[in-house]
Amino acid sequence: MRFVFTSAVKDLRRLRREPVTLLTWLGIPTFIAIILVVIFGRGDARPNGKLLIVDEDRGIGATLLAGAFSQGPLGNMISVEKVELEEGRHRVDQGKASALLIIPKNFTQALVEGQAANLQLIRNPAQRIMPEMIEEVLSMLTDGAFYLQMVAGDQLRKSAQGTPSDASVAQISVQFNHVIEDTRKYLAPPLIQLNTKVIQDKTDKPGGFAALMLPGMLYMAVFFIAGGLATDVWRERASGALRRVATTPASFRSFLAGKLLAVLVVLALVGAFGLGVARFLADLRISNFPLAVLWIAVSGCGLYLFMMLLQSLASTERVAHMLGNFVLLPLTMLGGSFFPFDMMPRGFAQIGRLTPNGWSVTQLQKILAGVEVTPAAFAAVILFVAAGWLVVGWRIRRTAC
Amino acid sequence: MIEVEQLRKQYGDVVAVKDVSFSAQQGEIFGLLGPNGAGKTTTIGCISSLLTPTSGHIRVMGHDVVRDGVAARRSIGVVPQEIALYEDLSARENLSYWGGAQGLRGALLRERSTEVLELTGLLDRAKEPIKQFSGGMKRRLNFACGIVHQPKVLLLDEPTVGVDPQSRVRLLELVRDQAQRGACVLYTTHYMEEAQSLCDRLAIIDHGSIIAQGTLAELRALLAERDLLRLTGVFQPEAVREALARMEGVEIIQSDETQLALSVSDASHRLPSLFAAINTAGEVRGTTLTQPSLESLFIKLTGKELRE
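The listed protein sequences derive, respectively, from chains A and B. So the first sequence is residues 22 to 422, counted in our numbering. So the second sequence is residues 2 to 309, counted in our numbering.
Be careful, since some hints might not be right.
Unchecked claim - Simulated restraints on C-beta separations: (1) 415/A - 257/B: 30 to 40 Å; (2) 369/A - 111/B: 30 to 40 Å; (3) 249/A - 55/B: 52 to 62 Å; (4) 330/A - 181/B: 43 to 53 Å; (5) 215/B - 274/A: 13 to 23 Å; (6) 420/A - 38/B: 20 to 30 Å; (7) 415/A - 111/B: 12 to 22 Å; (8) 334/A - 181/B: 46 to 56 Å.
Treat the hints as calculated values from the structure; they're not laboratory data. Where a beta carbon is used, it is the ideal one built from N, C-alpha and C, also for glycine.
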């Protein structure tokens, strides 16, 4: 047992003698946080787009359509501006707007009379997300207009004929009520009942897009550090230190346990530093800081053993390096380090969450949000680390001799 | 004490060590002398339980190294051929680590570290990272790490390879000190001079087998106090054999068209008659006369030089 600490102290001393490596590791999460904050800003940053509208109709239909883009959460992401056609085209050409919507003359009339009307949307080809979003919203609005027309076309036509009197408003209201009564048999009772349970969102200050990215990015740093530390075994093998350990009464499992202890300390430092930087720079909400640091360190040990296993399976250092990269890069991509799971296609996100690092990222996000304390997850990681420790200890003993 | 009985180590079809048996006592320096690839390191690897023997038995201080490996390793100190140290640690930190691996701790570890640093002449450089050390200094520290726990059995695998003459002399003194302390020292080398000057008993190993063993005197006796005469030139091997067959006290060790090695009693007085006989079967162009030594014994036993 004593040798475990001796071995850990040895590795920590060696790391201390390599300040550049240590600073690089601490620098990775800091650098990533700074880049994200510079790009996306602090706090609740969201994608933002500008929709230019050329209103040739100037009727209530066009007003309602333009207004729909300014409603609710959509209004936080899309700012609407009415422009003349020429100016609109010019600004889209210059890339100063996400899209240009042209509402033709007599759009309102066509809407109420159930006739066809052509809405023209010119997208900015330099942008991807916002024009796509605007087109989707527009498509939903036109679908909605179609169904409204089917259900209450007569009432709409009446209301469109000038400013209605109080009596006609009352009459239209009564007629709307009758329409709803008629359709009630289809709508109530509903064939599918949707039960919605609203979980209290404890992440009332989530920290925006940068904070969304940071857990995954932090694990990328953890993964790289784990991979880097795992390659140290080749230096020890080349120098003959591993063979020398085999000639002492100390076991390879104690030797490896010492290494794990050193890795735990390093990753705890990196985790604490990374989370601290994320909280300071990107307003990342951290529900339980010590638990989050512990999670990063313990799960990082699992990743370290995983990388150690790969190293011990390789025949040469070169093969080990290639094998490490071959595994590390796809796993970081899938595991939510390059793209958050929320932004990945569902299938990939599902696979990504099953990768060792992806699963760890998911658990960290839960710990950060305080949604769920995960003793089972800790138990699973500790079990994995214990199994990895046994297997890797055996492999190192074999390769050392 | 080391006891090796019928040791065999095989890698697939390749036999690295074949039926090796010897024993070494406390306070004794036992040498394993042989060329590179003879099986010396494999033998040490098996004794230190780094390698598992294919067959045979090894006991260190009465503990079987296979069945009771940990107890055996507690008695052993190993100085490997390579400099198995951490370059980014200081000399004292290396000693702390390797001493810790041997079970030393606390004040005893510090005391023993200081002692061996002083012994190896590294005390004044104890705090420097050893990557700043010369090759000789690293060799001395490598040795120090093997003796920091005062092992009862010390295994030295060619510890002077690539060392400058001054450091070599210092290292050999340290090895003698360990034997005087009462340690059983197993010393492998392919340097004849080292083996001759250092070892109390020796085993000569070649192609994985021990071909001779005993004290230096016993091994010299195998040569029957004969000198080794090596001749170069142009020879007819068959004619040479016929010419020398009539001469008493002359044995041909090696003979081909350009070289001739003879084991000759009192060679210095018989050179004229030898040349006369050989010149009937060829032409002598160069002559080397060697007094009985391990080298001449090795050549006699294997028909080749140790460094070939």
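Next on the checklist: Hint compliance check: list the failing hint numbers for this structure, sorted ascending.
Outcome noted: Of the numbered hints, 1, 2, 3, 5, 7 do not hold.
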